[in-house]
Structure formats: structure tokens, C-alpha cells
Amino acid sequence: MLDLKFVRQNPDVVRDGAIKKHIACDVDQVLKLDSEVRKLRAESESKKAEQNKATKAIPSLQGDEKMETIKAMKALGAEQKAIESQVKSLDEELQRLLLTLPNPPAAEVPDGKDDLENVEMRSEGTIPTFDFDQRDHLELGQMHDMFDFERAARIAGSRTYFLKNAGALLELSVLRMSMDHMVAKGFSPMIVPNLVRREAMEGTAYFPGGEDQAYCTERDDLFLIGTAEVPLTSYRAGEILDMSELPTKLCGWSNCYRREAGAAGRDTRGLYRIHQFQKIEQVILCPNDEEISKQFHQEILKNSEEVLQMLELPYRVVNVCGGDLGSGQVQKFDIETWMPSRESFSETHSASRFHDFQSRRLGLRYRDAEGKVRFCHTLNNTVIASPRVLIPLIENHQQEDGSIHIPQALRPYMGGVSLLEPKKK
RNA sequence: GGAGAGAUGGCAGAGUGGCCGAAUGCGCCCGCUUGCUAAGCGGGUGAGGGUUAAACCUCCCCGGGUUCGAAUCCCGGUCUCUCCGCCA
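My numbering puts the first residue of the first sequence at 1, with every later residue one more than the last.
Calculated directly from the structure, the hints in this document are not laboratory data.
This one's a predicted model, so the numbers in the text were calculated from it and none came from an experiment.
Every residue, glycine too, gets a C-beta built ideally from N, C-alpha and C.
Treat the hints with care, as some may be off.
As the list claims (entries may be wrong) - Simulated restraints on C-beta separations: (1) Asp115 to Asp12: 25 to 31 Å; (2) Asn194 to Leu76: 47 to 53 Å; (3) Asp114 to Glu139: 28 to 34 Å; (4) Ser89 to Lys113: 44 to 50 Å; (5) Asp16 to Asp115: 17 to 23 Å; (6) Glu199 to Ile155: 57 to 63 Å; (7) Asp114 to Asp12: 42 to 48 Å.
With the hints as constraints, model all of the structure from the sequences given.
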């Protein structure tokens with residue numbers, strides 16, 4: 001959520017930002033409601049002040065004077081309540097609209113409508129060339145008996161899967177390897193609630209707007225998270241942190257659930273786009289300072305690149321364009337990993353910075369060196385998401401006979417195995 | 001799931017209709033002081049809105065209500081604790 005004061009003082013910045021993000025919103029209506037609310041609130045407060053004053057005198061009054069004052073206050077109280085209820089309903093509308101205003105993107109965000117206009121910043125690693133007919137992850141999975149989509153579909157519907165045997169072990173291994181990597185970087189490992197309240201979804205800016213993407217447990221009004229970012233960023237919500245606690249670096253392991261509404265027919269084969277996966281997410285809470293949060297943005301980007309380097313996978317980093325940014329994001333770098341079967345770099349990681357957009361909604365604050373209470377800046381990035389990452393992992397590392405090379409860094413987690421041999425028929 | 005108790009400032013803990021944004025203690029900050037291993041003394045110390053600054057308004061878990069007036073009374077919700085049941 002934007003600071004209402006900021007909107008009031010910089011309506012053009014907000015309008016232009018929304019245009020760059022291709023998000024529709026009504027800044028003028030916000031300004032109009034704001035001025036109405038302020039005017040009415042002033043009226044209500046002055047009546048309230050008068051009432052407070054008179055009401056304090058009542059106990060010391062006697063007889064008629066006392067009765068008169070009580071009578072007058074009864075009337076004044078009714079007037080005040082009437083105005084107050086107007087303020088309340090207008091303010092509710094104002095807050096609702098305020099939630100829909102997107103955070104203006106940074107100047108260095110490229111213009112563009114969707115992911116096709118993201119700008120490549122650099123590319124790392126070597127795209128493999130196979131001197132044999134390459135197999136996709138489905139075929140490799142079959143040779144190794146790693147996945148089962150048919151039975152999953154019968155049991156759980158579309159976009160579901162079983163991981164089995166080496167597939168199951170590979171997922172656990174990449175997750176644990178990544179977690180260890182982050183712990184070595186000073187992040188606190190966390191296993192987080194996968195089911196959260198609406199406030200956490202709103203606080204992290206997935207709602208309003210993303211309701212269609214989330215599974216809702218209607219009986220309990222809880223939501224399955226699409227990422228550990230939601231509970232992690234909400235973790236200290238409503239608190240005032242001590243300066244010494246910043247930066248707070250958290251690293252959460254969770255299952256992630258996505259309805260993939262509106263994606264019908266897209267990426268229907270295999271492990272790319274599925275309803276449930278496991279992910280490790282890194283989150284940083286830092287002081288309210290553009291330069292500091294930009295620095296941490298680079299840091300969390302690097303952490304994830306190192307994971308891909310450990311997995312010996314070729315990838316590129318893109319600067320995400322305005323139209324592909326979420327409502328709260330100021331800037332986002334995606335990491336796309338080379339997937340031979342897709343003949344493309346495809347998204348495996350997404351690193352965002354938010355300024356105080358999330359922390360303002362969450363009430364996530366700290367006391368700065370001068371003792372002033374300020375909103376934190378928040379950032380997050382994928383560390384690893386599986387099974388999507390298994391696609392590049394097994395496809396890039398396949399050998400002619402269908403065996404799969406296990407990267408050095410992963411071997412300790414795979415019981416020392418350096419090559420996965422296909423199951424014999 | 002059933003029965004009961006509770007939720008107050010960083011923490012502990014008073015407060016059952018006005019003198020309460022809230023005693024007291026601890027913690028923390030500032031200053032003073034003292035030679036005896038650390039203490040003593042004085043002052044300060046929640047958040048949001050509003051104002052040039054003040055005044056002023058709001059907040060004692062959240063949301064309603066009663067009342068001239070609510071931390072305090074009533075209703076609904078959330079969370080915590082205890083006992084019983086169930087259970088990975």
C-alpha cells in the first residue's frame with residue numbers, strides 16, 4: 001500500500017507508475033475521497049473535543065445545570081456519531097481503493113507489456129549441445145521411474161504428479177542443499193505455516209487481485225500459500241523492530257499451491273506448471289533506504305545464482321519490464337534456467353524489492369538511529385523451486401544412454417552418487 | 001469437539017463507570033553522584049492522526065452496543081492457558 005500522504009503529494013508519479021505497469025487505477029477518486037474524509041473528520045473531531053470537555057465537567061455540576069448539559073451532550077453526541085459514520089464509510093472506500101494503487105516502478109525498469117519485453121542482463125554457463133537425440137524430462141523420468149503423472153491425475157486431477165525413487169530423492173536433495181547454502185549465508189532457516197489468514201495474503205499484496213490464484217479453505221477462511229514469502233514477510237507483522245535486528249534474513253521452506261487459473265492449456269505437459277510444489281524462499285527486512293535495499297536486491301540475486309552454479313546449470317538474468325511487475329514490486333529480476341526440451345530459458349527464480357509497500361500493509365516497522373519509527377523495506381527471491389528445477393537438472397545433465405550426471409555439490413545429498421543409471425527394463 | 005479462566009505500555013502487574021493514555025516494579029535513555037566491585041539520586045521513556053508549533057482526536061486483543069461519559073458494563077469474534085476427549 002502506498003502512503004496516502006505520498007499519493008496526495010505525488011499523484012502524477014502514482015499515475016505514471018500505474019501506466020508503466022499497465023495497471024488500471026483511479027488516483028483522482030482516491031484524492032477526492034481523501035479530501036472529503038479529511039474535511040468530515042475535522043468536523044467530527046471538533047465536536048468530539050467539545051463533548052469531551054463538557055462531559056468532564058458534568059460530575060461537578062448540580063441540579064438543572066447538570067440536566068441541561070447532559071441533554072445538550074446527548075444531542076451533540078448524536079450529531080457527532082452521524083458524522084463519524086459517514087467518515088467511516090468513506091474511509092473504508094478510500095482504504096479499499098488505496099489497496100489497488102500499484103507501487104511505482106523504479107526508473108531502471110524497462111518499458112514493456114509482458115514477459116516478452118523483459119530485458120536480458122547477462123547469461124551464465126554454457127548451453128549444452130548433444131551429439132545424440134536429447135530426451136525431455138518426461139522420457140528421462142520414465143527411464144528412471146522418477147515421476148507418475150497418470151496415476152496422479154486419477155487421484156488428484158490435472159497438473160499433479162508423484163515423484164518417486166530418484167525423483168523424490170532429487171527433490172529432497174536440491175532443497176536441502178539450497179537450505180544449507182542459505183544458512184551458510186547467515187539466513188535463519190524456517191519451516192513455515194502453509195495455510196494462512198487473509199491478512200497475510202493482503203499484507204504481502206497478493207490480495208486484492210490474486211484471489212483466483214489461491215486455494216481457499218472456505219470453512220475456515222484460510223488460504224494455502226503460493227510461496228513462503230507470505231508467512232515469512234508477515235512473520236514480524238505489527239512489531240516495531242530494534243535497529244540491531246536489521247537486516248533480518250529469513251529463509252523458509254514450504255509447499256506452494258497455485259490454482260493456475262487462466263492458464264488452461266498452457267504448459268500442460270510435465271513438471272513445469274503444476275498446482276503444488278516445494279520451494280525455499282529468501283526474505284530480507286531492511287532499513288527504509290533505497291540504496292540499502294538495492295544492495296540487498298543484488299545480494300539475494302547472487303545467492304540464487306550460486307545455487308544454479310552449484311547445480312552446474314546455464315541460466316540468464318532478466319530485468320523484468322513494467323507490464324510484468326506485480327502491483328507491489330518496485331523492481332524484479334527473474335532468473336531463467338536453460339531447459340533443453342523447451343529450447344528456451346524459462347523462469348525458475350524471481351527476485352523482487354518492494355520498498356515499504358508490504359511493510360506498510362503489514363505494520364512492519366523499526367526504530368531508526370534517531371529513535372524514529374519507520375516502515376521496513378522488504379525483498380524476496382526464490383532460492384530453489386522443485387520439481388520445476390528438476391526439468392533443467394535432468395535434461396541438461398543427461399547422457400546418451402539416459403543416465404544423469406549428478407553435480408558435485410549435490411552428491412553428498414544423494415548418498416555420494418555421481419551418475420544416476422536408468423532402471424533396467 | 002466439550003467445560004472453565006484469561007488478554008492492559010519492552011516485560012511483570014494494578015485498575016470494575018468520570019479524578020485513567022493508564023499506579024507500581026523491572027528494563028531502557030539522559031544527567032548527577034560516590035572509591036570499593038556495583039550501587040545511589042533526579043529526570044525521561046507506547047503508537048497513529050492533526051498543527052509552523054501547540055491545542056485537539058483515536059488506540060488498554062479485534063468489531064459492534066449501552067451511557068452525557070467505557071480499560072471498566074453488554075453482545076459477537078480472535079488468540080492464549082487449564083481440564084476432558086481425540087490424535088500425527
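Range agreement (Cβ of Ile155 with Cβ of Glu199, hint 57 to 63 Å): violated (33 Å)
Confirm or reject the claim that Asp115 and Asp12 have a C-beta distance inside 25 to 31 Å. holds (27 Å)
So the hint says 17 to 23 Å: do the beta-carbon atoms of Asp16 and Asp115 match that? The hint (17 to 23 Å, Cβ to Cβ) holds, given that Asp16 and Asp115 are roughly 22 Å apart.
Hint says 47 to 53 Å; check whether the CB-CB distance for Asn194 and Leu76 agrees. holds (52 Å)
Is 44 to 50 Å right for how far apart the beta carbons of Ser89 and Lys113 are? violated (37 Å)
Could you see if the CB distance from Asp114 to Glu139 stays within 28 to 34 Å? Roughly 31 Å apart at Cβ, these two residues keep to the hinted range, so it holds.
Check the following: the C-beta atoms of Asp114 and Asp12 are separated by a distance inside 42 to 48 Å. violated (25 Å)
Hint violations for this structure: numbers 4, 6, 7, all remaining hints satisfied.
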